[in-house]
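Now for the letters of each chain:
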Amino acid sequence: MTGVAVTADLDPTDAGALPRRGVWPGLRRRALFWVPVAGIVVLTVLTVAPGWVAGWFGNGDPRVCDLSSSADGPVAGHPFGFDRQGCDVYANVVHGTRASLTVGLTCTLIAFALAVLLGTLAGLRGGLADRVVSRVTDVFLGFPFLLGAIVVLNSFGERSVLSVSLALALFVWPAMARLVRSSVRSVRDAEFVQAARAMGFGTWRVVSRHVLPNAIGPVLAIATITVGQVIVAESTLTFLGLGLRSPAISWGLQLSNAQAQLQNAPHMLLFPSVFLAVTVFCLITLGDVLRDALDPRQR
Amino acid sequence: MTRFLTRRLVELVLVFLGVTFAIYAMVYALPGDPIRALGGDRPLSPAVVNELRDRFHLDEPLWQQYLRYLGGLFQGDLGTDFDGRSVTERMATRWPTTITLALTAWLIEIVVGVGLGILAGLRRGTWIDRSVLTLTIVATSIPVFVLAIVGQLFLGVRWDLLPIAGDSEGWPLAYLLPASVIAVYSLAALARLMRGSLVDVLQADFVRTLDAKGLTRTRVVGVHVMRNSLIPVITFLGMDLGFLLGGTIVVEGIFNLPGVGQLLFGAIRSHEGPTVVGVSTALILLFLVSSLVVDLVNSALDPRIRREEARS
Numbered sequence: 001m002t003g004v005a006v007t008a009d010l011d012p013t014d015a016g017a018l019p020r021r022g023v024w025p026g027l028r029r030r031a032l033f034w035v036p037v038a039g040i041v042v043l044t045v046l047t048v049a050p051g052w053v054a055g056w057f058g059n060g061d062p063r064v065c066d067l068s069s070s071a072d073g074p075v076a077g078h079p080f081g082f083d084r085q086g087c088d089v090y091a092n093v094v095h096g097t098r099a100s101l102t103v104g105l106t107c108t109l110i111a112f113a114l115a116v117l118l119g120t121l122a123g124l125r126g127g128l129a130d131r132v133v134s135r136v137t138d139v140f141l142g143f144p145f146l147l148g149a150i151v152v153l154n155s156f157g158e159r160s161v162l163s164v165s166l167a168l169a170l171f172v173w174p175a176m177a178r179l180v181r182s183s184v185r186s187v188r189d190a191e192f193v194q195a196a197r198a199m200g201f202g203t204w205r206v207v208s209r210h211v212l213p214n215a216i217g218p219v220l221a222i223a224t225i226t227v228g229q230v231i232v233a234e235s236t237l238t239f240l241g242l243g244l245r246s247p248a249i250s251w252g253l254q255l256s257n258a259q260a261q262l263q264n265a266p267h268m269l270l271f272p273s274v275f276l277a278v279t280v281f282c283l284i285t286l287g288d289v290l291r292d293a294l295d296p297r298q299r
Numbered sequence: 001m002t003r004f005l006t007r008r009l010v011e012l013v014l015v016f017l018g019v020t021f022a023i024y025a026m027v028y029a030l031p032g033d034p035i036r037a038l039g040g041d042r043p044l045s046p047a048v049v050n051e052l053r054d055r056f057h058l059d060e061p062l063w064q065q066y067l068r069y070l071g072g073l074f075q076g077d078l079g080t081d082f083d084g085r086s087v088t089e090r091m092a093t094r095w096p097t098t099i100t101l102a103l104t105a106w107l108i109e110i111v112v113g114v115g116l117g118i119l120a121g122l123r124r125g126t127w128i129d130r131s132v133l134t135l136t137i138v139a140t141s142i143p144v145f146v147l148a149i150v151g152q153l154f155l156g157v158r159w160d161l162l163p164i165a166g167d168s169e170g171w172p173l174a175y176l177l178p179a180s181v182i183a184v185y186s187l188a189a190l191a192r193l194m195r196g197s198l199v200d201v202l203q204a205d206f207v208r209t210l211d212a213k214g215l216t217r218t219r220v221v222g223v224h225v226m227r228n229s230l231i232p233v234i235t236f237l238g239m240d241l242g243f244l245l246g247g248t249i250v251v252e253g254i255f256n257l258p259g260v261g262q263l264l265f266g267a268i269r270s271h272e273g274p275t276v277v278g279v280s281t282a283l284i285l286l287f288l289v290s291s292l293v294v295d296l297v298n299s300a301l302d303p304r305i306r307r308e309e310a311r312s
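Residue numbers (this note's numbering), protein chains in the order written: chain A, 1 to 299; chain B, 1 to 312.
If you are wondering where the hints come from, they were derived from the structure by calculation, not from laboratory data. Using N, Cα and C, we set each Cβ at its ideal position, and we do this for glycine too. Incorrect hints may appear among the rest.
What the hints assert, rightly or not - Facing chain B, from chain A, some residues (calculated, C-beta under 7 Å):
#1 Leu146
#2 Leu147
#3 Ile150
#4 Val151
#5 Asn154
#6 Val232
#7 Leu262
#8 Phe281
As the list claims (entries may be wrong) - Covered by chain B, according to a simulated footprint, are these stretches of chain A (three or more residues, beta-carbon under 8 Å):
#9 235–248
#10 254–261
#11 270–278
#12 282–288
With the rest of the complex left out, here is chain A (with noise of 0.2 Å):
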């Protein structure tokens, strides 16, 4: 075999591909796997085009209220009936998707980057860098996220979708950077990693192309489930009076005022709930089947 065949074999590119070879075959014949998964495109298409979907029993403005009817149960036309103010439940409903999906995504992403920055930092330097990001995610863990948040957005003064999400990014990233810590550190020393090192690449090009492919699985699917953890946190917030306001259209916003007509329009109540619960349970599903499938230890 000649010099070349050799580093041809070791390719950057077939490093990151081995171990998701093993992975797509099993979740392909899951159910669980594939039931959250239709879950989210519905909640994607709810979330892209709101007024669509909203649209389809003819009432689909959510800013047009009647106080007339105010608080109604089911009519033709208006299936979850009205609110308070009197405001198609439907319509509300639906548009509410996206303030949930985004702050979700959002505070995942920017919490995601951070956790993968410092935690490969840590756990491929060690030192100094591992001490002082071990000691700081040991600070943000070590008491309840939802107090911290409440701390937080207390002294916020203007909530956007933008601020709550960053508040809450603050307390969601401790947890994933110590997971990229430990993971990374597992492929450290790993042969192939020696033998890209050996070979002469860069740190930029290691980390990248080998170490983080193969440590970033686990990470993946903790993220997953913390999408819906922070839809959780966010909607408590937000019912809390710490969240999202009025005029936004959110969940939370709407099994707060649910709560306060408890006795006499349940129904204001039930449609928010069984939106909110089935999209935080696809999100927790997918994650739960993604880290059996990724994470070779619990195989």
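Here the structure of chain A is known, so what remains is to put chain B in place on it, guided by the hints.
Showing chain B alone in chain A's frame:
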């Protein structure tokens, strides 16, 4: 043991300083002049403003003010609300309710969570196992406040089984529904942990040895397997007590139970910043102390934890 203890204490002090400084800096960075806010609509004379700035040490640098605040914390001073009442005093009468609620939730979590976990673990791969696993995912998908309102609607309003607000019915009736609601989320995680741990231990070598020695299945599982599979479960239960305290905020607010959580809930809704910060700080500190106690108890019970800590 001493090494573990010092390590853990140093960690606690670091976390304590980090958390309190972060909270303080955030409040310090709040926009707006607190003195002018105190005056309301009437403009204050410069002499009064100076006198007030002096009294509240507002002209000192951030770190000096922080040290003052820290000193106050050690004396149990968590600040005052808008009406000048001490936050610590307002919380004092409310602790029993919150602690009763958290402990009731803990009890429900232990009984149901461990029970379901054992059931699923011993019947691994059957429909019982699969339904427990599915149930736990469903349970973690429903936010606590949604579960609380739905529970109120069905068990309280529709079927009239349990009281939906206040604690006039006393323990356990008034606490049953709110405590169950808080317990559900942790309970699901606990059931999964118990099941996983039980399955692991059942495959251990010592279990095969015991079987080979001719011990009855009841004795092997009931005594030897159970004792070993409970170790991670106890760690989890210890950590969870603190998180249950966090869950009381939403639930006490919804069920109108006069606890510390309800104070925080009300303060958030009426935009009483100082009360929000004071109560959250108290809950966070309580959580830090309780997790320290849990760690110490754990390391006393299981020497392997101490040794692992020392090695890392």
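Quick rundown of the hints versus the structure:
no.: 1; hint: Leu146; verdict: holds, 5 Å
no.: 2; hint: Leu147; verdict: holds, 5 Å
no.: 3; hint: Ile150; verdict: holds, 6 Å
no.: 4; hint: Val151; verdict: holds, 5 Å
no.: 5; hint: Asn154; verdict: holds, 5 Å
no.: 6; hint: Val232; verdict: holds, 5 Å
no.: 7; hint: Leu262; verdict: holds, 6 Å
no.: 8; hint: Phe281; verdict: holds, 4 Å
no.: 9; hint: 235–248; verdict: holds (count 6)
no.: 10; hint: 254–261; verdict: holds (count 3)
no.: 11; hint: 270–278; verdict: holds (count 4)
no.: 12; hint: 282–288; verdict: holds (count 3)
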